[in-house]
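S.K.: Under this note's numbering, the very last position in the sequence shown is 85; numbers go up by exactly one each time.
Each hint should be verified, as a subset may be incorrect.
As the list claims (entries may be wrong) - The calculated label-pair distances, taken between Cβ atoms and stated as ranges, are:
1) Phe5 x Val52: 26 to 32 Å
2) Leu32 x Asn72: 14 to 20 Å
3) Leu4 x Arg58: 30 to 36 Å
Unchecked claim - SDA-like cross-link-like pairs, simulated, lysine to any residue; straight-line CA separation at most 20 Å:
4) Lys49 x Glu65
5) Lys71 x Asp41
6) Lys71 x Ser10
7) Lys71 x Arg60
8) Lys71 x Tyr61
9) Lys71 x Leu32
10) Lys49 x Ala28
11) Lys49 x Arg34
12) Lys49 x Gln59
I should point out that these hints are in silico values taken from the structure, not numbers from a laboratory.
Cβ coordinates follow ideal geometry from the N, Cα and C atoms, glycine included.
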Amino acid sequence: MNTLFVAWQSPEPSRSWFPIGRLDAEGASDFLFRYTQGALDAEAQAGFKPLVSFPDFRQRYEASELFPVFKNRVLDPRGKTLQSI
Numbered sequence: 001m002n003t004l005f006v007a008w009q010s011p012e013p014s015r016s017w018f019p020i021g022r023l024d025a026e027g028a029s030d031f032l033f034r035y036t037q038g039a040l041d042a043e044a045q046a047g048f049k050p051l052v053s054f055p056d057f058r059q060r061y062e063a064s065e066l067f068p069v070f071k072n073r074v075l076d077p078r079g080k081t082l083q084s085i
């Protein structure tokens with residue numbers, strides 16, 4: 001299993017970082033996202049709102065492929081960038 005912790009930075013003036021979520025991947029076809037306690041802390045301390053793709057802090061989100069919100073941010077393993085395409 002691979003795990004990626006998702007962080008959010010609050011706006012000015014504090015610019016504090018909060019670990020808001022956890023994405024777990026079991027192979028290439030089993031993905032799970034859930035918020036951590038940090039999301040609730042960020043909501044209380046800095047006004048964090050749930051991500052549009054994951055609107056409920058207490059829900060577990062499961063998918064057979066990587067969620068689009070993360071898929072659009074994964075780097076190309078061949079090193080291609082927008083400028084080289």
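S.K.: Each hint needs a verdict: does it hold in this structure or not?
M.R.: Consistency of the hints with the structure:
1. Phe5 x Val52: 26 to 32 Å: Given about 20 Å between the Cβ atoms, the range is violated.
2. Leu32 x Asn72: 14 to 20 Å: holds (19 Å)
3. Leu4 x Arg58: 30 to 36 Å: Taking Cβ atoms as reference, leucine 4 and arginine 58 lie about 20 Å apart, which means the hint is violated.
4. Lys49 x Glu65: Distance of about 24 Å is beyond 20 Å: violated.
5. Lys71 x Asp41: Violated, because 26 Å separates the two Cα atoms, which is more than 20 Å.
6. Lys71 x Ser10: With Cα atoms ~23 Å apart, lysine 71 and serine 10 exceed 20 Å; violated.
7. Lys71 x Arg60: holds (18 Å)
8. Lys71 x Tyr61: holds (15 Å)
9. Lys71 x Leu32: Within the cut-off at roughly 13 Å; holds.
10. Lys49 x Ala28: violated (29 Å)
11. Lys49 x Arg34: Given that 20 Å is the threshold and the Cα spacing comes to 14 Å, the pair holds.
12. Lys49 x Gln59: holds (14 Å)
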